[in-house]
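Asks: Letter by letter, the chains look like this.
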Amino acid sequence: MNSTLLTRADRLAIIACVALLPWLYASFWNNATGTGEEVHIVVGGRELPPISLTEEQTLTVQGSLGPSILEIADNRVRFISSPCQGKQCIYSGWHSHAGEFVACLPNRIALQITGRESRFDTFNY
Amino acid sequence: MDRTLVSTAEDHRIALLAALAITIHIAESVLPTPLPGIKPGLANIITIATLCLYGLRTAAWVLMLRVLAGSLLLGTFLSPTFALSFSGATASLLVLSLARLVPGKGFGAVGYSLLAAVAHMAGQFTVAYWLFIPHPALLHLFPVLMTAAVLFGLVSGIIVATMLKRFQ
Amino acid sequence: MRLQQNRILLLVILLLPLGGCSRQEQLHHAQLFSFGTLVDVSLWGASPSQIEHAEQVIHEELRTMHHVWHAWQPSPLTDINRKLQEGTEFTCPPELLPLIVQAKDLYRRSGGLFNPAIGRLVALWGFHGDSPPQGPPPRPEAIRKLLASKPGMDDITLHGSRLLGTNSAVQLDFGAFAKGYAVDRIIDKLMRLGIKNVIVNAGGDLRAIGHHGERPWRIGIRNPRGQGVLASIELGEDESVFTSGDYERFYDYKGTRYHHIIDPRTGYPARGVTSVTVIHDNAAEADAAATALFVAGPEKWPTVARQLGIKYVMLVDDKGKIHMNPAMAERIRFETADRPEVVLSERL
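Residue numbers (the numbering used here), protein chains in the order written: chain R, 345 to 469; chain G, 115 to 282; chain X, 29 to 376.
Treat the hints as calculated values from the structure; they're not laboratory data.
Do not rely on the hints blindly, as some may be mistaken.
[Unchecked claim] With the C-beta cut set under 8 Å, the calculated list includes, among others, these residues of chain G facing chain R:
no.	residue
1	Leu119
2	Val120
3	Leu145
4	Leu253
[To be verified] To give a feel for the contact side, a few chain X residues facing chain R, derived at Cβ under 10 Å:
no.	residue
5	Gly163
6	Leu192
7	Ser196
8	Gly232
9	Arg246
[Said to hold, decoys possible] With a straight-line Cα cutoff of 27 Å, these simulated DSS-like cross-link-like pairs (lysine-lysine) come out:
no.	chain 1	residue 1	chain 2	residue 2
10	X	Lys111	X	Lys178
11	X	Lys347	X	Lys282
12	X	Lys349	R	Lys431
13	X	Lys224	X	Lys282
14	X	Lys349	X	Lys328
15	R	Lys431	X	Lys282
16	X	Lys328	R	Lys431
17	X	Lys173	X	Lys282
18	X	Lys347	X	Lys328
Note that beta-carbon positions come from the ideal geometry of N, C-alpha and C, so glycine has one too.
Using the sequences provided together with the hints, build the complete structure.
Replies: The structure is reproduced here in structure tokens:
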């Protein structure tokens, strides 16, 4: 049993070091390009299970007009193809910030990026 | 009168431990790392065990010999890698000597190992940032590196503590 | 005993990271999609009933905007356009009168660069439809013909609530400031509900009042060429941020981009600018100013900004260079890894 492996000082050291970690992330990760961790995809009214932004992948989402293809890489997400006419969703480029919201309205697909507290409350474009 | 080099029992001990540490260090150097600077640091098991069994002075010797001889053997002496190793080792020793001053029973192998690992990584990172890559993108790595340090420090510490218990 | 201590230790280790989480309960964030517009609302410290009413208010205003001011589908606005064209005096419906009054004022103060009377021209370019046009662009003769009569807001005379159109080429299209106008109305109604801290963001253009708890509202301005956030700004107690860009409604034809911000003087989409961002208190004026300054271009925008009383402008030209006035440069914070090229104008 590891009860005799740890002294009291050990325990305190462990608590201190582990407590240090979240503080480090909070301090140093604000300089990151985005705080997004997951993307929630809503198709029509239905929300799909959230997808992590940490794993590189492409995915196809079936909307009301047809399939939209999303690409996830480097903690960001973007539309790379969509059956809409305007292609605004594609032109808006990469999205990486917690709180960002982007949609292909004609195809009724919306993406909401969530993460820890975002640096920005909303975006102007 | 001739001056001869007479080695003491302590010297033998240091040499043996240092050799062990160097071997582990070299063996570890062939492992691929996900990120530069992240190594399990298994050689530290030797350092910390030495600290607990034979005291700070012996451990300091073992550590410094490991860094020096290790770099000579790997061909990284006086290279940036060496600077990083050296600063990491110095930082660890500093923290360990401070840790020794804690009153009462003090730290066990786990505590020392954890503190040494964290200090080592922090020391390495500081040198890397100030001397080599003062780029904000590096700061992004810092929390990740420290997490690895905490993890590996704990694991090494537990290994040392278990080993020591078995031999006492 | 030791076992107990170790269990507590484990628990502490697992729970500690939660200390880093912030108080999110006071912030309410919602997206509403209504009548073709995506509205993003952020409320701080609002009660559940205020939140519910806020959503109703927004839906109502968007419905009004969609039905009353619609530029091409049959609406009170298309009625007015018909009567203006006929040239007989008529009474302006009350829901459109303030819009026309404000539009006339902004037309004059912008030197005609903000001109909602060129609806015919906008339609000619194909932007009077729900989907973007495909091209080709209209023939120069067609454009010249519409320009010849120089339709402007001064061609509408106003006596009390009686309107008279004196130029049959006039067709009103409030697209350039309807969003701002609607946002102003929404904020007014939300303030009357007792809401003190809110951002109303209609498709990227917004007005914010109050703050986010202890700190001001922080807005990220997206890069007009779509690669992440260009800059950020902290807002005061009541401010609007509006951006006009060549990427909002456009089509590419044979390698040239034709966007919806038509220069009323040339009849063609304004050139030389990628986007203009304006910070101002009033959303309708900010919206109109962003359009007018876009048309004014990288050389003339400071003059027009002064005429309109705009204090903060950021213009990105078609080469990617950023033009700002000193006051804006002080407020804005660039978020890109490399600093962009900035040209400072004189003080506004």
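Asks: Min Cβ distance, Arg246(X) to chain R: is it shorter than 10 Å?
Replies: Where the cut-off is 10 Å and the nearest Cβ of chain R is about 5 Å from Arg246(X), the hint holds.
Asks: Hold the hint about Ser196(X) up to the distance rule: shortest CB distance to chain R must be less than 10 Å.
Replies: violated (33 Å)
Asks: Compare the distance between the alpha carbons of Lys111(X) and Lys178(X) with 27 Å, and conclude whether the hinted pair is satisfied.
Replies: holds (18 Å)
Asks: Keeping to a limit of 27 Å between CA atoms, is the pair of Lys349(X) and Lys431(R) held or broken?
Replies: holds (25 Å)
Asks: Please work out if Lys173(X) and Lys282(X) have their alpha carbons no farther apart than 27 Å.
Replies: holds (24 Å)
Asks: Classify the hint on Leu119(G) as holds or violated, based on whether any CB of chain R lies nearer than 8 Å to its CB.
Replies: violated (40 Å)
Asks: With a cut-off of 27 Å on the C-alpha distance, tell me whether Lys347(X) and Lys328(X) pass.
Replies: holds (17 Å)
Asks: With the threshold set at 27 Å, check whether the alpha-carbon distance from Lys349(X) to Lys328(X) stays at or below it.
Replies: holds (15 Å)
Asks: Can you verify the interface hint for Leu253(G): is its Cβ closer than 8 Å to any Cβ in chain R?
Replies: holds (5 Å)
Asks: Would you mind confirming whether the straight-line C-alpha gap from Lys347(X) to Lys282(X) stays at or under 27 Å?
Replies: holds (20 Å)
Asks: Hold the hint about Val120(G) up to the distance rule: shortest CB distance to chain R must be less than 8 Å.
Replies: violated (38 Å)
Asks: When the nearest CB of chain R is found for Leu192(X), is that gap smaller than 10 Å?
Replies: violated (38 Å)
Checked against the numbered hints above, the structure breaks hints 1, 2, 3, 5, 6, 7, 13, 16 and satisfies the rest.
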